[in-house]
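A.B. asks: These are the residues of each chain, in order.
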Amino acid sequence: MIIDTEILTTVPTIFILLNWFGIVVFAISGALAASRKEMDIIGFIIFANITAIGGGTVRDMMLGLTPVFWVGDYHYIIVATIAAIVVFFTAHISQSRFTLLLWADAIGISTFCVLGAQISIDAGISPVSAILMAVITSSFGGLIRDVLAGENSILLRQEIYLTAIFIGSAFYIGFIELSIDKNIAAIVGFLACLLIRGLALKYSWYFPGYKSRAGRDY
Amino acid sequence: MIIDTEILTTVPTIFILLNWFGIVVFAISGALAASRKEMDIIGFIIFANITAIGGGTVRDMMLGLTPVFWVGDYHYIIVATIAAIVVFFTAHISQSRFTLLLWADAIGISTFCVLGAQISIDAGISPVSAILMAVITSSFGGLIRDVLAGENSILLRQEIYLTAIFIGSAFYIGFIELSIDKNIAAIVGFLACLLIRGLALKYSWYFPGYKSRAGRDY
Amino acid sequence: MIIDTEILTTVPTIFILLNWFGIVVFAISGALAASRKEMDIIGFIIFANITAIGGGTVRDMMLGLTPVFWVGDYHYIIVATIAAIVVFFTAHISQSRFTLLLWADAIGISTFCVLGAQISIDAGISPVSAILMAVITSSFGGLIRDVLAGENSILLRQEIYLTAIFIGSAFYIGFIELSIDKNIAAIVGFLACLLIRGLALKYSWYFPGYKSRAGRDY
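Residue numbers (the working numbering), protein chains in the order written: chain A, 1 to 218; chain B, 1001 to 1218; chain C, 2001 to 2218.
Heads up, a few of these hints could be off.
[Stated by the list, open to error] Footprint (simulated), chain C over chain B, 3 or more residues, beta carbon under 8 Å:
hint, segment
1, 1062–1068
2, 1074–1085
[To be verified] Okay, the calculated beta carbon distance ranges per label pair:
hint, chain 1, residue 1, chain 2, residue 2, range
3, A, Ile78, C, Lys2202, 56 to 66 Å
4, A, Ile180, C, Phe2089, 25 to 35 Å
5, B, Ile1014, C, Phe2021, 44 to 54 Å
6, A, Asn183, B, Asp1181, 51 to 61 Å
7, C, Trp2205, A, Glu151, 32 to 42 Å
8, C, Gly2124, B, Ile1082, 18 to 28 Å
9, C, Glu2151, B, Ile1014, 42 to 52 Å
10, A, Phe21, B, Pro1127, 21 to 31 Å
It should be emphasised that the hints constitute simulated quantities derived from the structure, not laboratory data. Values in this document were obtained by computation on a predicted structure and should not be read as measured data. Ideal Cβ placement from N, Cα and C applies to all residues, glycine included.
Isolated chain A (complex conformation) (with noise of 0.2 Å):
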């Protein structure tokens, strides 16, 4: 497998775990979201598997790395679907889950904008690009879950959300250039993450939106 190769030659094994996690955290994020518009588990299990392989699916689509990770690797499947499953019979047990979703969610997105922009790196591509591939890596499993389960996106929904990605990524690419040893990139661009998500989700942070002041027929 291409991609589980370079990762490990090219960022510390705890991003191997934390890419498993990252893998399980959004591969529940699709299964919650079948749970809400009442799916049979084979609905969950597709949901689960869109949400956690859609955004390196697109990468690896856009980048020419195909077959796409998934396809040469099943145990990302498995895992998803083993995720999926899980939820189907557990889900009604926690009232908090939500808010534990959240915080995975977190770290998974933390993991995710580090590893796409390092696999980004390794096909060759500019810093610049890097950074939109490492926000898209990140955020397009979710949003494919919500475009799909016709639920708002967390595009709309005014959070401090790509905004963390977006810095997370550019700490570890800027880092990168500035030619910092990798393990420290990643780690600082995992933490600046993790820790704008955090606090975001916290105290409720969120930039000044738009507000529009004109026509509205557009």
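Could you slot chains B and C onto chain A? The hints should help.
C.D. replies: Below, chains B and C without anything else, positioned relative to chain A:
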């Protein structure tokens, strides 16, 4: 044409016919979605094409089988376009066209769940991945149609739809893995999907959906 | 950069300028969509980029021209990002910005219907496929913008939009097939699209939409 040749050599001739039947059926379903939105004839043509070739296009992009299949064989576009034009001028005739479509669609997904699985195996991917790929091939054309038309996607209608595709693909892949004759595998996979979807349609079957008991503010 | 070089060698210089004008125009339309959703500045930037480069990205993925065009030439992202930032601070100034945008957008699609067709031909695909590809190139950025913003897509607004793109592309491809000079073909295709879209805008033209007479429970 890569795909066609592979299909010719690896699946029974009947599936070549069913392939085109599936294209026509999905084109018609796209055109009917356009009719509900009262679009003009170009809208019919675009929606018919997106629905008919969308699933296979996503599959080819994920597998790296580019240019995607319809780029090298314009007959797909011609056939879908003719179907769209026919629907534009005749859709008002039948009051029961929806029932007819549901059954034709059932045959379409039964075909594509086998074809999609076979093309995935030909591309050298693992059995587990091939099943997911087959589900995507069969369902994504309709999903894109529903999202662009602003409709609730089939995913959200709690019908036994993805499940039928899933089981049909799993039968086909399973039989192939067991080295059972490809013709038999194709027919069993096809019939399994058609039977499940058909019974679900006839008796309004559905799997037990998840019943949410916790907070819904996610 | 593959794409840029090809454009330089195969279409008139004026289209290089129009290409960037089109990128700016679509970036602005994405930023305006963000303004309606009262997003923060990062949201403006992401929406502007998705709209400006979305259509070409889908085209490149389908043709296998990967990494997609903006990965190797970060100027696209820079330009779209600057446009987004300018819109964020100035969008409230103009009350008539929507009318302005519609006309700029008309020039944008007129450009991209020719550029998309030319890039498709350069990739060696058939004329019929090239027309569909050009329609996708010109319209998918806006479609993704509308879907992510939760708006009715341009497809559903019964305007002469896809039709104008379709005819402009068909003129260009037709002239090329007839071995007419590429510059003339480009100008005719461009003007055909602009004329049709412009007249439709000015006189609120629309083609007769399909009037449903049958059951609507599909």
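A.B. asks: Next, verify each hint and record whether it holds.
C.D. replies: Hint by hint, here is what the structure shows:
no.: 1; hint: 1062–1068; verdict: holds (count 4)
no.: 2; hint: 1074–1085; verdict: holds (count 3)
no.: 3; hint: A:Ile78 <-> C:Lys2202: 56 to 66 Å; verdict: holds (58 Å)
no.: 4; hint: A:Ile180 <-> C:Phe2089: 25 to 35 Å; verdict: holds (33 Å)
no.: 5; hint: B:Ile1014 <-> C:Phe2021: 44 to 54 Å; verdict: holds (52 Å)
no.: 6; hint: A:Asn183 <-> B:Asp1181: 51 to 61 Å; verdict: holds (54 Å)
no.: 7; hint: C:Trp2205 <-> A:Glu151: 32 to 42 Å; verdict: holds (36 Å)
no.: 8; hint: C:Gly2124 <-> B:Ile1082: 18 to 28 Å; verdict: holds (25 Å)
no.: 9; hint: C:Glu2151 <-> B:Ile1014: 42 to 52 Å; verdict: holds (44 Å)
no.: 10; hint: A:Phe21 <-> B:Pro1127: 21 to 31 Å; verdict: holds (26 Å)
Violated hints for the displayed structure: none, as all numbered hints are satisfied.
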